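There are 2 protein chains.
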Amino acid sequence: MSRTSPATSATGPVRFGSQARAVLRPSVAPTVTAGFWHERRRINARVGIPQGPRLLESAGNLHNLRLAAGSVEGVFVGDYPFQDTDVYKWLEAASWQLAQDAVAAGDTTSLAAEVDRIIALVAAAQQEDGYLNTWFQSGKGEGRYSDLRWGHELYCAGHLIQAAVAHHRATGGEGLLDVARRFADHIDAMFGPEGSGKPLDTFDAHPEVETALAELYRETGDERYLDLAAYFVDRHGHGAHGGEIYCQDRVPLRDAETVEGHAVRQLYLLAGAADLATETGEEAIAQASARLWHAMAATKTHLTGGVGAHHDKEDFGDPFELPNERAYCETCAAIASIQFSWRMALLTGQARYSDLIERTLFNGFLAGMSLDGESWLYVNPLQVRDGYQDAGGDQSSRRTRWFRCACCPPNVMRLLASLEHYLASTDGRGLQIHQYATGRFQGEAAASAIDVSVNTDYPWNGRIAVTVERTPDDAPWTLSLRLPQWCAEYALAHADGTPVSEVVVDDGWLRVERVWAPGDRIVLDLSLAPRLVVADPRVDAVRGCVAIEGGPLVYCVEQADHPGGLDDVVIDTTVPLTAKERPDLLGGVTTVVAAGYRRTPPQVAWWPYQGHAAPDAGALGAALELTAVPYYAWANRTTGGMRVWLPTD
Amino acid sequence: MSRTSPATSATGPVRFGSQARAVLRPSVAPTVTAGFWHERRRINARVGIPQGPRLLESAGNLHNLRLAAGSVEGVFVGDYPFQDTDVYKWLEAASWQLAQDAVAAGDTTSLAAEVDRIIALVAAAQQEDGYLNTWFQSGKGEGRYSDLRWGHELYCAGHLIQAAVAHHRATGGEGLLDVARRFADHIDAMFGPEGSGKPLDTFDAHPEVETALAELYRETGDERYLDLAAYFVDRHGHGAHGGEIYCQDRVPLRDAETVEGHAVRQLYLLAGAADLATETGEEAIAQASARLWHAMAATKTHLTGGVGAHHDKEDFGDPFELPNERAYCETCAAIASIQFSWRMALLTGQARYSDLIERTLFNGFLAGMSLDGESWLYVNPLQVRDGYQDAGGDQSSRRTRWFRCACCPPNVMRLLASLEHYLASTDGRGLQIHQYATGRFQGEAAASAIDVSVNTDYPWNGRIAVTVERTPDDAPWTLSLRLPQWCAEYALAHADGTPVSEVVVDDGWLRVERVWAPGDRIVLDLSLAPRLVVADPRVDAVRGCVAIEGGPLVYCVEQADHPGGLDDVVIDTTVPLTAKERPDLLGGVTTVVAAGYRRTPPQVAWWPYQGHAAPDAGALGAALELTAVPYYAWANRTTGGMRVWLPTD
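From first to last, the protein sequence lines are chains A and B. With my numbering applied, the first sequence corresponds to residues 384 to 1032, in that order. With my numbering applied, the second sequence corresponds to residues 384 to 1032, in that order.
Incorrect hints may have been included.
What the hints assert, rightly or not - A few chain B residues that don't get close to chain A, going by computed Cβ distances all over 10 Å:
hint, residue
1, Val455
2, Tyr463
3, Leu494
4, Gly526
5, Arg564
6, Arg637
7, Gln670
8, Asp755
9, Arg787
10, Asp834
11, Ser836
12, His945
13, Gly970
14, Gly1001
15, Leu1007
To be verified - Distance condition first, Cα-Cα at most 20 Å in a straight line; then the derived EDC-like pairs of lysine to aspartate or glutamate:
hint, chain 1, residue 1, chain 2, residue 2
16, B, Lys523, B, Asp617
17, A, Lys523, B, Glu525
18, B, Lys696, A, Asp695
What the hints assert, rightly or not - Chain B side only, calculated, beta carbon under 7 Å to chain A, not exhaustive:
hint, residue
19, Ala680
20, Tyr771
21, Leu915
The hints are simulated quantities; they were obtained by calculation from the structure and are not laboratory data. Given the structure is predicted, the values throughout are model-derived calculations rather than measurements. Just so it is clear, CB atoms sit at the ideal spot from N, CA and C, and this is done for glycine as well.
Next up, chain A with everything else stripped away, as it sits in the complex:
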């Protein structure tokens, strides 16, 4: 593949170094100004992020920082050695939000003050030599770096670094970046290969520091951080943690054939690998990253984009082992998947990576935050049986104000606050729109700035209007619009309705190359007609079932709309689906109406298995209208049953 060496000045989570070899680079200073994601981000800005300091105070995270600083007496509060990351992820979210607010000319005073206050707590907690971890400094954990299998010290460092980079990019502030650099320098002095003279030749079993160090290199230009990231990535798989899958230590990443182990750990590691491939141009690690991404997408991803099949060890299952009710699909894993996919999208320019991002954003990720922004899901199953939660079922799939292990909520906050970063890119010869949202996106062509505005009511309406706002006078450039993987029907037309004749369909991209003039507008119409989908027959969990999708949205049925419950519902696939706008429902959604039946269960005395010849399979009851709602909006009304996959007989 050919790679450009783009200059970089993006303000989002990924900003390439000057030597980066990637096909695309993020759009500069993108904005989202209206529509679906704007509303979600507004909730995040008004409800989610502002509640952070109070929740971090009440959960003890800020206390732990003061304790480490010696400014209060007491003991560590909480159960986990990675609680500092809640603070860091919130700081990252708030930093991106400050950038948003600055662009929107909003009032940043009070949020900026909160950020500064908490940065001061972090800085005060740091030790002389740069080390910073409240679990170990408070004596809750014993011995720095003595338990890298579970201690999470470098994982915490990684989130500190990402927060510091965000704060620096968003505000220019140096304070948190200084803290992060001092910790990174300390780590660099402590960890290295045998023969390097550094005392520790091992890695943190929870990856995160790798991608963070790569970004710190990008922010500072200091290649030591990139080298350290490379050392950590390649240190995996050589037995430093007993070869444990849980620690991403069974096999070197370059030799791996599929994703495995703890989903978040695997995907943060892969984000770091993609960063390395981008910055070093090394083919072997680029190929390994692409190989693992494809193995994940093709065999280990739920319909919602959620990943991580198992509650036990929070890990990936076998290929095609994609259970419904026990789908773990941690919200953090969806976020990690998006981060990894975006790096691969930029590295390769392939649309499929952004296809998976879209699916994950609208479904497996977004379900993690309630509509009102006040409560959260840690686990995102595809089925909840009738009466499950009321019978004392596992509460991790019930919306909660905060968690004892609160990794997910601030992770959602930081992704939403930086979401504009994941929507568009440039390759120096034009602009690529990866995700559809109303806003402005900049790129470069013929060494000049180009700028387009997008207007759309996506995902409720498939019409996307793209207007050229700025363009070089007579140099042609290419506008690329992603044609979603799910889309079977579309039209691309000029503002006057005439079809765009010069469109080239290129592996998921609709590409229009021409000389543009300011005010030129093209309109993409994607058919959002609801559709039924089936799974590969190797997905045992959904044999004999279909699911409903509409545009990028996966739908589900909820007990709230079907008071009789869902355990016995059967869909009639011969009746066409109907989309129905419901502004009254769930903040305004398009529902999908389907036909079905409620089965009368078989009458068995005490054993639920019968002879195949003439079993009592129950009887199909009266016809039933099924109302499907977007999966992202589930569990916002009651705690009843839910299903994504519906039996067909």
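Dock chain B against the given chain A, drawing on the hints supplied.
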């Protein structure tokens, strides 16, 4: 229901007290002398039990006893506070084996010496006041009874008591019983309801002591132990452990509607509840026990009889949540299910309880021990994908010589060594044969002893010959033979082939009441023809699949017989199944041959979900002969794939 008050003198794990109100009581001094179970028990006696002391020594269990006794220096070896139970369960197994060997006039010297040696270690470890737990005595755990959520002290006491009762019943030895009584007396002094003056009003989150105390009451006649058992059973569900399901504390057992939480904990508790119902005659607890058993059997039991759907927390899933590859189905849970079911069978006289025992014995339980008796399964899934274990998959479903948490192997040993106890019963008016094995079974009728011999090659042959060996001269009595729930075709005839005309079919029992003479023989022929079964449509995990059974055996296909793997195999249900004797295979089994196909998977680029209208579902390839082997024999050759449920298209 009417209840007799039988006198009791059985030597198995359950021996009723003089006041017991149960419909049946265990057969006195039953024996198994040949056939399928005799061979499994021979392996247990020759390989399983003898290796115990060496394994307990190398795993540190005996060291921990010496450490607690102060006879060695060092630290506790092992990771779990319940490691003493491995010793106790082995002592129980060895005790029952001593009884077997005595009956068979075998050489008991060396095993008896080992038992005495280990009993001496246990006795030496006991503290002055009767307390005994090496985890806490060695300082590994801090503070007696301070962590009953995880400390397992009464769980350990329960297994000690069961071992002591077994040793006393089997050998008459008082030594271990004295140890157990002293510990039980200590517990009785420590635990009791508010107002009793006892310091602790709570319970051990891992039940076991309840059923053990009931048995200690039966063995000693001391009603304090029964009262203490009743206190503990009823202490559950009132929040002593925060209402946690994992601790069996969400709801009082008498109010519960279904089994829930950790499967072994739930079922040991229910065994204790059934004991209480038997000894006290209290209807409420009898009804709760029956209600929970039916909920378990009808909605939470895998085809193999295995229970416990989840790896995470080792717990029951929702009703009809019965996954295949992630079925936990711990071997210990199968054993606990058998123990609970047997108590219910005796209490109620209903055949269904023994139906489930048969299914569990031949499948979910027996798979837990390798054919050679040298390795074990902790987890008993119903599906393993191709290449799963070689790709570093969870090893708990791979046969292992011993486990870090070795609860299952000695549990298998004790059940096999006392298996004859679960086969037959008497109600004072005749004899009931619950399970079919060659041996002798005694009962009582008209206040006289009755005695029958059974000859059968079950489960390979459905012919079961029952010969009356001893009978009162002219008093009629009823011989009851269980008609298995799976059996669609059978014949009952006299020795000369004429049908038994007076048979009454009574809810799973074939009852023949007559005046018998010594030498009278009747022959039951059960059709073992292999059959296909389907699940209730609410069992989502196996929609569109069938399973193969033959007699009491559940079958599976293994990769060892299908080198191309099983992930893409489809069964053709239109071709009849064929049974095939294979004396050469797996120690001699009947296999079932079926017709099928190997599907060519769909060709999808990177996403495994497609539109419903015309999906590429792959193509059925050439016909394939499928060879199914008994599930109990799986994983004795290679580590490849395995499936119980097979897709039909």
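For each hint, the structure was consulted:
No Cβ of chain A comes within 10 Å of the Cβ of Val455(B); the nearest lies about 27 Å off, and the non-interface call holds. For Tyr463(B), the non-interface assignment is confirmed: its Cβ lies about 18 Å from the closest Cβ of chain A, beyond the 10 Å cut-off. Its beta-carbon lying about 38 Å from the closest one in chain A, Leu494(B) satisfies the requirement of being farther than 10 Å from that chain. The Cβ of Gly526(B) sits about 19 Å from the closest Cβ of chain A, beyond the 10 Å cut-off, so the non-interface label holds.
Residue-level check passed: Arg564(B) sits 37 Å from the nearest beta carbon of chain A, beyond 10 Å. Look at Arg637(B): its CB is around 16 Å from the nearest CB on chain A, clear of 10 Å, so calling it non-interface holds up. Listed as a non-interface residue, Gln670(B) keeps its Cβ farther than 10 Å from every Cβ of chain A; the least gap is roughly 15 Å. The claim that Asp755(B) is not at the interface with chain A holds, since no C-beta of that chain comes within 10 Å of its own (minimum 28 Å).
The beta carbon of Arg787(B) sits about 13 Å from the closest Cβ of chain A, which is more than 10 Å, so the claim that it is off the interface holds. Non-interface call for Asp834(B) relative to chain A: holds, since the shortest CB-CB distance, roughly 32 Å, exceeds 10 Å. Annotated as non-interface, Ser836(B) keeps its C-beta farther than 10 Å from every C-beta of chain A; the closest such distance is 31 Å. Once the 10 Å rule is applied to beta carbons, His945(B) is consistent with being away from chain A; the minimum gap is 16 Å.
Annotated as non-interface, Gly970(B) keeps its C-beta farther than 10 Å from every C-beta of chain A; the closest such distance is 27 Å. The beta carbon of Gly1001(B) sits about 6 Å from the closest Cβ of chain A, which is not more than 10 Å, so the claim that it is off the interface is violated. Distance check on Leu1007(B): its Cβ is at least 16 Å (rounded) from any Cβ of chain A, clearing the 10 Å threshold; non-interface status holds. Between Lys523(B) and Asp617(B) the CA atoms are separated by roughly 30 Å; this puts the pair beyond 20 Å, and the hint is violated.
Taken as a hint, the Lys523(A) and Glu525(B) pair is honoured in the structure, with Cα atoms around 18 Å apart against an allowance of 20 Å. In summary, the hint linking Lys696(B) to Asp695(A) is supported, as the alpha carbons are separated by about 8 Å, within the 20 Å threshold. With a cut of 7 Å, the hint placing Ala680(B) at the interface with chain A holds, because the nearest CB-to-CB distance is about 5 Å. Look at Tyr771(B): its Cβ gets to within about 6 Å of chain A, closer than 7 Å, so that hint holds up.
Hint status for Leu915(B): holds, given a least beta-carbon distance of 4 Å to chain A, under 7 Å.
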